[in-house]
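Asker: Using the sequences plus the hints, can you model the full thing?
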Amino acid sequence: MQAPDPRVAAEPHASVCVACRAGRVDDDGYCENCGHAQPRERDHMEQERGPVAAVSDRGLRHHRNEDAFAVGTTTLPDGSPVSLAVVCDGVSSATRPDEASLAASRAANASLLDALPRGTHPQQAMHEAILAASEAVNALAGEQPAEAREHAPQQNAPACTIVGAVVTAGLLVVGWVGDSRAYWIPVDRSAPAARLTEDDSWAAQMVAAGLMAEAEAYADPRAHAITGWLGADAYELEPHTAAFKPDRPGVVVVCTDGLWNYAESADEMAEAVPADAAARPLHAARVLVGHALDGGGHDNVTVALVPFPAVPQGAGSA
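For the sequence shown, the numbering used here begins at 449 and goes up steadily by one.
No wet-lab data here; the hints were simulated from the structure.
Every value quoted in this text rests on a predicted model; they were computed, and no experiment measured them.
Fair warning: there could be bad hints in the mix.
Using 20 Å as the maximum straight-line C-alpha spacing, the simulated SDA-like pairs for lysine to any residue come out as follows [claimed, not checked]:
1) LYS693 with ALA617
2) LYS693 with THR523
3) LYS693 with LEU644
4) LYS693 with ALA642
Quick list of simulated restraints, FRET-style, between CB atoms [what the hints assert, rightly or not]:
5) GLY744 with GLU662: 20 to 30 Å
6) GLU480 with SER528: 48 to 58 Å
7) LEU659 with ALA470: 55 to 65 Å
Note that CB positions come from ideal geometry on N, CA and C, so glycine has one too.
Answerer: Written out as structure tokens, the structure is:
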């Protein structure tokens, strides 16, 4: 199965100006009626794939969107459904971060869609998907012209974070490198929500080593410096994976720090997630992006929602 492109295919009305809603958009991206420049394709992206949905937005402070996502559905060899989502955040201090995140999300998604129907265990498939994403990002470093490397040798190679989730009828698997996160939000909100990932970050290292309290570490200016990423200059690639068997229905929130900075704890994320998120994942993703934008939109924001347990393709509604 071919990996879906996160850039939503143009609708019949896509060539109409977003400002005046009347003029036709020319080949240069400007309205022929009012002259308004149209948003770039990656400034705002939405996709719903069966019961899985994702939304990505540039935010209010950045000049481009360096996040990317991929969502998909497939089946295991026994015919049971599988849903998956991958979210990546380009490292802004590196070169071509937008290309890195897009390459990683596509490669990981393609790897999962290839491995799962062949019977690869979801946790092993996730590990392999992260390795495939890493190779895709590493390849970008070799594409830079030698002349450019000579003139800017201090520039960091393309890099990004990654987080993914695979959901079957009875198993939830997450995998990550960096500080993009996955959260578990039960449909029954009287049950506890949980964060499923641990950041590869300076703050997380300080807390894990017992050197600082969590509140103190995350208040430090160095808090969000990542210690793990995909890229040719990564110290050492250590894909993290974890498997869970939830005992009740819920939804997995897979997101970049552009969202979780405005809903950091599991309880805060649960409060931000609409109650009907499992039934209306695209609507919920839009609400969560709006939550981040209302909070200031200081970064690109991307979120995917994957209902648990997995349901057959064709379910889900905006």
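Asker: It remains to establish, for every hint, whether it holds in the given structure.
Answerer: A quick look at each hint next to the structure:
1. About 10 Å separates the Cα atoms of LYS693 and ALA617, which keeps this hinted pair within 20 Å; it holds.
2. A hinted pair counts as satisfied when its Cα atoms are at most 20 Å apart, and LYS693 with THR523 qualifies at roughly 18 Å.
3. Restraint check: the Cα-Cα separation between LYS693 and LEU644 comes to about 12 Å, which is no more than 20 Å; the hinted pair holds.
4. For a cut-off of 20 Å, the pair hint linking LYS693 to ALA642 stands: about 13 Å separates their Cα positions.
5. Between GLY744 and GLU662 the beta carbon distance is about 22 Å. The supplied range of 20 to 30 Å therefore holds.
6. Distance hint check: the CB atoms of GLU480 and SER528 are about 51 Å apart, consistent with the given range 48 to 58 Å.
7. About 60 Å separates the C-beta atoms of LEU659 and ALA470, a value consistent with the hinted range of 55 to 65 Å.
Consistency with the previously given hints is maintained throughout, with no hint failing.
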